[in-house]
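Engineer: Go ahead and model the full structure; you've got the sequences and the hints to work with.
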Amino acid sequence: AQTVTQSQPEMSVQEAETVTLSCTYDTSESDYYLFWYKQPPSRQMILVIRQEAYKQQNATENRFSVNFQKAAKSFSLKISDSQLGDAAMYFCAYRSAAGGTSYGKLTFGQGTILTVHP
Amino acid sequence: DTAVSQTPKYLVTQMGNDKSIKCEQNLGHDTMYWYKQDSKKFLKIMFSYNNKELIINETVPNRFSPKSPDKAHLNLHINSLELGDSAVYFCASSRRQGNQPQHFGDGTRLSIL
Numbered sequence: 721a722q723t724v725t726q727s728q729p730e731m732s733v734q735e736a737e738t739v740t741l742s743c744t745y746d747t748s749e750s751d752y753y754l755f756w757y758k759q760p761p762s763r764q765m766i767l768v769i770r771q772e773a774y775k776q777q778n779a780t781e782n783r784f785s786v787n788f789q790k791a792a793k794s795f796s797l798k799i800s801d802s803q804l805g806d807a808a809m810y811f812c813a814y815r816s817a818a819g820g821t822s823y824g825k826l827t828f829g830q831g832t833i834l835t836v837h838p
Numbered sequence: 498d499t500a501v502s503q504t505p506k507y508l509v510t511q512m513g514n515d516k517s518i519k520c521e522q523n524l525g526h527d528t529m530y531w532y533k534q535d536s537k538k539f540l541k542i543m544f545s546y547n548n549k550e551l552i553i554n555e556t557v558p559n560r561f562s563p564k565s566p567d568k569a570h571l572n573l574h575i576n577s578l579e580l581g582d583s584a585v586y587f588c589a590s591s592r593r594q595g596n597q598p599q600h601f602g603d604g605t606r607l608s609i610l
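In order, the protein sequence lines correspond to chains D and S.
Under our numbering, think of the first position of the first sequence as 721, with each following residue one higher.
Under our numbering, think of the first position of the second sequence as 498, with each following residue one higher.
Errors might be hidden in some of the hints.
[Claimed, not checked] Listed below are the simulated DSSO-like cross-link pairs for lysine-lysine, each with C-alpha atoms no more than 30 Å apart in a straight line:
id	chain 1	residue 1	chain 2	residue 2
1	D	K793	S	K538
2	S	K533	D	K790
3	S	K537	D	K793
4	S	K564	S	K549
5	S	K506	S	K538
6	D	K790	S	K538
7	S	K506	S	K541
8	D	K790	S	K541
9	S	K516	S	K549
10	S	K541	S	K519
11	S	K541	S	K568
12	S	K506	S	K568
13	S	K519	S	K533
14	S	K538	S	K519
15	D	K790	S	K537
16	S	K533	S	K506
17	S	K506	S	K537
18	S	K519	S	K537
19	S	K538	S	K549
20	S	K533	D	K798
21	S	K506	S	K549
22	S	K533	D	K793
23	S	K519	S	K506
24	S	K538	S	K516
25	S	K516	S	K568
26	S	K568	S	K533
27	S	K541	S	K564
28	S	K549	S	K568
29	D	K793	S	K541
30	S	K564	S	K537
31	S	K506	S	K564
32	S	K533	S	K564
33	D	K798	S	K537
34	S	K541	D	K798
35	D	K798	S	K538
36	D	K775	S	K541
Since the hints were made in silico from the structure, they are not lab data.
Structural biologist: Okay, structure coming up:
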C-alpha cells in the first residue's frame, strides 16, 4: 500500500517570501500522479498543482511550483511571493495510475499548516 | 454553478440515530468518492463509485451505506451513529482515467452528542 508523509506539521513564512513544504511517499509503482491540495479555514479542498510521474519536468502554476524527485520519492511544494491568502493547511496526495479497485483513490499525507505573517 | 454540492453542511445528532448526507455533481464526471476527515485533519477514502458501481470500499463499518442512484449522485447513509463517527465528510468527483484531479464538495461536519 502507498503511504504519503508530510514531516512538517507547521510552517510559517513572511508575506512576499518563499516557503517550501515537504512531502515524501512510498510506492512500488512506476506510474502515478501527485497532487497538492489546499484547505483554508473555510474547509474547502482546493487543488493547487498536480504532477504526472512520467513527466520529468516539474509542474508550475503561477506562484506555485513543485520539485519532483522520482528516485527519492519526494514531491515538495514551493510557494513564491507568499500572500496572506495562502494561509491554509496543505495536503500532499498520491493517486495510482494502475487499474483495479484502488484506481482513482487519493492517499493523503497528514497535512502542513502554513501561517503567513504580514 | 456549484460543481460538487453536499447537504447538509452541518449535522448535529444523537448517538444511535440514522442520518444521510447527499452529494451531487454537475461536472459530468463518472466517478464519485466519499472521504472522512477526522479531528486531526487526516483524510481517508471511504468509498468510490464509477458509473453507479462500487469500486472502493475501504473497510468501512457496514453501518455506512453509500447509494448511487445515478452517476451524478452519491449519497451516504449512516445507521446507529456512534461518537467516533464525528468528523467532516467530503464528497468528491472526477473522471476516472488519467491525471484528472478530484473536485471536492464543501464537506459536512457531523457532530454526535
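Engineer: Need the list of violated hint numbers for this structure, in ascending order.
Structural biologist: none
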